[in-house]
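Number of protein chains: 2
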Amino acid sequence: MKPLNRLPGFRDFYPDPIPTSEEGRMEERQHIFRVWRQVARRYGFREYDGPPLETLELYKAKSGDEIIHQLYHFSDKGGRDIALRPEMTPTLARMVASHQRNYKKPMKWFSIPQLFRYERQQKGRLREHFQLNADIVGESDHAADAELIAFLIDVLRALGLSSEDFVIRLSSRDAWQLFFDARCDDQGNAYEFFQIVDKLERETPEISTARFAKIGIDFEEVSALIKAAEPTPVLRKMLEQLEDRGLGDYVKIDYGVIRGLAYYTGVVFEAFDREGVFRAIAGGGRYDHLIKLISKDKVDLPALGFGMGDVVLGDMLRAKGLFPKATDGADIYFQILDEALRSSSLGTIQKLRDQGVSVEWPMTPSSPKKQFKSAHDLGARYAVSIADSDAFLLRDLQTRETSTITLDQLFTMF
Amino acid sequence: MKPLNRLPGFRDFYPDPIPTSEEGRMEERQHIFRVWRQVARRYGFREYDGPPLETLELYKAKSGDEIIHQLYHFSDKGGRDIALRPEMTPTLARMVASHQRNYKKPMKWFSIPQLFRYERQQKGRLREHFQLNADIVGESDHAADAELIAFLIDVLRALGLSSEDFVIRLSSRDAWQLFFDARCDDQGNAYEFFQIVDKLERETPEISTARFAKIGIDFEEVSALIKAAEPTPVLRKMLEQLEDRGLGDYVKIDYGVIRGLAYYTGVVFEAFDREGVFRAIAGGGRYDHLIKLISKDKVDLPALGFGMGDVVLGDMLRAKGLFPKATDGADIYFQILDEALRSSSLGTIQKLRDQGVSVEWPMTPSSPKKQFKSAHDLGARYAVSIADSDAFLLRDLQTRETSTITLDQLFTMF
Chain A
22 MKPLNRLPGF
32 RDFYPDPIPT
42 SEEGRMEERQ
52 HIFRVWRQVA
62 RRYGFREYDG
72 PPLETLELYK
82 AKSGDEIIHQ
92 LYHFSDKGGR
102 DIALRPEMTP
112 TLARMVASHQ
122 RNYKKPMKWF
132 SIPQLFRYER
142 QQKGRLREHF
152 QLNADIVGES
162 DHAADAELIA
172 FLIDVLRALG
182 LSSEDFVIRL
192 SSRDAWQLFF
202 DARCDDQGNA
212 YEFFQIVDKL
222 ERETPEISTA
232 RFAKIGIDFE
242 EVSALIKAAE
252 PTPVLRKMLE
262 QLEDRGLGDY
272 VKIDYGVIRG
282 LAYYTGVVFE
292 AFDREGVFRA
302 IAGGGRYDHL
312 IKLISKDKVD
322 LPALGFGMGD
332 VVLGDMLRAK
342 GLFPKATDGA
352 DIYFQILDEA
362 LRSSSLGTIQ
372 KLRDQGVSVE
382 WPMTPSSPKK
392 QFKSAHDLGA
402 RYAVSIADSD
412 AFLLRDLQTR
422 ETSTITLDQL
432 FTMF
Chain B
22 MKPLNRLPGF
32 RDFYPDPIPT
42 SEEGRMEERQ
52 HIFRVWRQVA
62 RRYGFREYDG
72 PPLETLELYK
82 AKSGDEIIHQ
92 LYHFSDKGGR
102 DIALRPEMTP
112 TLARMVASHQ
122 RNYKKPMKWF
132 SIPQLFRYER
142 QQKGRLREHF
152 QLNADIVGES
162 DHAADAELIA
172 FLIDVLRALG
182 LSSEDFVIRL
192 SSRDAWQLFF
202 DARCDDQGNA
212 YEFFQIVDKL
222 ERETPEISTA
232 RFAKIGIDFE
242 EVSALIKAAE
252 PTPVLRKMLE
262 QLEDRGLGDY
272 VKIDYGVIRG
282 LAYYTGVVFE
292 AFDREGVFRA
302 IAGGGRYDHL
312 IKLISKDKVD
322 LPALGFGMGD
332 VVLGDMLRAK
342 GLFPKATDGA
352 DIYFQILDEA
362 LRSSSLGTIQ
372 KLRDQGVSVE
382 WPMTPSSPKK
392 QFKSAHDLGA
402 RYAVSIADSD
412 AFLLRDLQTR
422 ETSTITLDQL
432 FTMF
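If you're matching them up, the sequences are chains A and B in order.
Reminder that position 113 of the first sequence reads as 134 in the working numbering, one-by-one numbering, no gaps.
Reminder that position 163 of the second sequence reads as 184 in the working numbering, one-by-one numbering, no gaps.
Hint data in this document are derived by calculation from the structure and do not stem from the laboratory.
It is possible that part of the hints are untrue.
Over the 12 angstroms line for every Cβ pair with chain A, so calculated as not near, a few chain B residues [stated by the list, open to error]: (1) Lys81; (2) Gln208; (3) Leu221; (4) Glu242; (5) Pro252; (6) Gln419.
Under the rule of at most 27 angstroms between Cα atoms (straight-line distance), these lysine-lysine pairs were calculated in the DSS-like manner [unchecked claim]: (7) B/Lys81 - A/Lys391; (8) A/Lys346 - B/Lys98; (9) A/Lys126 - B/Lys390; (10) B/Lys81 - A/Lys98; (11) B/Lys125 - A/Lys372; (12) A/Lys98 - B/Lys98; (13) A/Lys372 - B/Lys126.
Remember, predicted model here, so these are calculated numbers, not experimental data.
All C-beta atoms, glycine included, are put in the ideal place defined by N, C-alpha and C.
Using the sequences and the hints given, assemble the complete structure.
Written as structure tokens, this is what we have:
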């Protein structure tokens, strides 16, 4: 019979040693999550979470009907149209709209949701990923934009990446909106304009020129804006604050970035590896009208945020050898070399674990040789066994040194 | 317009201070997860995870068609029948079957999945919860059962619960199977028999008597077996090992527990609060044939495990006041009392954060009074500001003591 497999586009996460490089490695995921949370704490970002299922309406409200083609959505048994969350911002906006009165502004919140997109399966393309979502709500000053980007930079630095590895491309929706307004009267074309700019780097100049021409835009002028890379007043102030922090080397003005989605309003940005090997590591920007839209006019608060997925990031850290090599093994492998001592060994094992020590042991009788092998296989730091009623034999499995110690002495080692 | 709400039966998790007691508190969830992971490490359980979506077939293989009524399931755009995972064991069995050759036995694995059930909405009944799943695969000896139950006990102890708060009711499918075999020839009735025993405590004696009679079982004999509470040889050995560990007070033999699901094969158990106020805190048992079933005969390994949900556990910890009162605030609120010092303040804030210190600061100009209020609101331990080019003014916000220190002195405080 055919064994049951997981769905295509999804990952299993295995403990070390991972069976094949095609499987997810849980230790890598834990390492990334741990660093995300550590740096979030330094910046005062507080963790939240919402449900992985939401009403389909929540996503339609933000992105219109077209989003449906990229969603896992279905009707539940109660006849509700529901969807697996494809992004976190609508959930955040919904939660903020419900209870923002309870929190001082600005709110600095983060979450690590698993997100789902049903796209046609491409090689290596996943249908789920985890994403660090960090948002600042209730602050319209550019200092919030600089704070958010500093956080993004410090997350990548804490993972071992330097300014030689990545750069944040800073851009401005405002700059592009001004450019558009000066050349085109029909606001109905603005979204199309942003889309063409968004795809510039993946499209031939001929096709872009033709698409711009259709809405009365001259590609030469677009290229000139990008080439000049002249910061807007807001971007200039942000750059100053990032330089004050010593983070100037991690950012550059680049109007080639615009972010495809309709709802961005001010500064937008994406993080890329300098070598251009990978897709964007992270992206985000300001979305000052979205909470009003999602809350159906109940709450109006300025906001900005970014998302950083675990897949591109993981590929990059792996390529640069920045993941921890191996997980920690047990602190102690407790040997039972005489079956008459099994009961008292269990008592000691319990005492050690009560102190927070990680202890492995042979559940069934086995030879001393086999027990040493198990200790090594489990990556144990020490092998310990009962010597006599008060003393224990301790063997350091790295130095191979052996000594006799009391239980109290054993406790003080951890 | 009506604001967009979350789906019924799902939780949002808010940072402190939680807005209402009806919302999930993220700090409680983090506390539970942290303790689960800490104790898992002591016992050498290694974390894994699978996808929240699986093929519907995976659950049918284990539990038959009836499970479908309790599942979120639907057809995806590729025509696959898929389901949101209602439990973790089938995913574990699938993963073990795929790659067990890569791992030494016994495998001690755990996971903290979010699980989904579509049941008719009852008051306070959720459609999702998080669950600690711990399993031992590849060890048929009773020592594994004792190890698993010791782990369960220590998880609850680490959360602050004692033997006065909870007890593990230990039972045996084997004992019930022997009882049944001695009285009934038709194995087709065994599942019905287990179901009646499982519901004894929630059913009137009359109804149970009638249902037993239909399959030729005398209720009196059932009651006698439960009353005698005579441990099987395996249970007796497990009790000895738990007593060796000093955990005898946490368990009792109780054949009133049988676990409804069909696939258990040996020892089964449930954890309950002593006062009988809450539903079961955790439950599990041995399922030696399930991996063979799920892997379609590819892999045959003995296994056992338990699940502990976050909802009943959370209710109990809350009722007993065992959750940490408040989250940690910022280490430092960095005041900017002179706007001319904003740039240099940002430089210092960055240096502090680079050292892992949690720092909040005023993003926009505000009065000293307002800044002290923000420091208090954010639960900051210290307020710090620039005194002169080399010195900082430090105010302990608990003792209100003030001192002047250098940056190096400030670093050494954290």
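Outcome of the hint check:
For B/Lys81, the condition that its CB be more than 12 angstroms from all CB atoms of chain A is violated, with the nearest at approximately 10 angstroms. In this structure B/Gln208 is separated from chain A by more than 12 angstroms, as the shortest Cβ-Cβ distance comes to about 23 angstroms. For B/Leu221, the shortest C-beta to C-beta distance to chain A comes to about 30 angstroms, beyond the 12 angstroms cut-off, and the non-interface label holds. Distance to chain A confirms B/Glu242 as a non-interface residue, since its nearest Cβ pair spans about 35 angstroms, more than 12 angstroms.
Remark: the non-interface label on B/Pro252 is consistent with the geometry, its nearest Cβ contact in chain A lying 17 angstroms away (cut-off 12 angstroms). The non-interface label for B/Gln419 is consistent with chain A: the shortest C-beta to C-beta separation is roughly 19 angstroms, beyond 12 angstroms. Only pairs whose Cα atoms come within 27 angstroms are accepted, and B/Lys81 paired with A/Lys391 is rejected, the gap being roughly 40 angstroms. Among the hinted pairs, A/Lys346 with B/Lys98 is inconsistent with the structure: their alpha-carbon atoms are about 39 angstroms apart, more than 27 angstroms.
At most 27 angstroms may separate the alpha-carbon atoms for a hinted pair to count; A/Lys126 and B/Lys390 meet this at roughly 16 angstroms. Straight-line distance between C-alpha atoms of B/Lys81 and A/Lys98 comes to about 19 angstroms, which keeps the hinted pair within the 27 angstroms bound. Restraint check: the Cα-Cα separation between B/Lys125 and A/Lys372 comes to about 26 angstroms, which is no more than 27 angstroms; the hinted pair holds. Proximity of A/Lys98 to B/Lys98 is assessed by CA-CA distance (about 18 angstroms); at most 27 angstroms being required, the pair is judged to hold.
Taken as a hint, the A/Lys372 and B/Lys126 pair is honoured in the structure, with Cα atoms around 25 angstroms apart against an allowance of 27 angstroms.
Checked against the numbered hints listed earlier, the structure breaks hints 1, 7 and 8; every other hint is satisfied.
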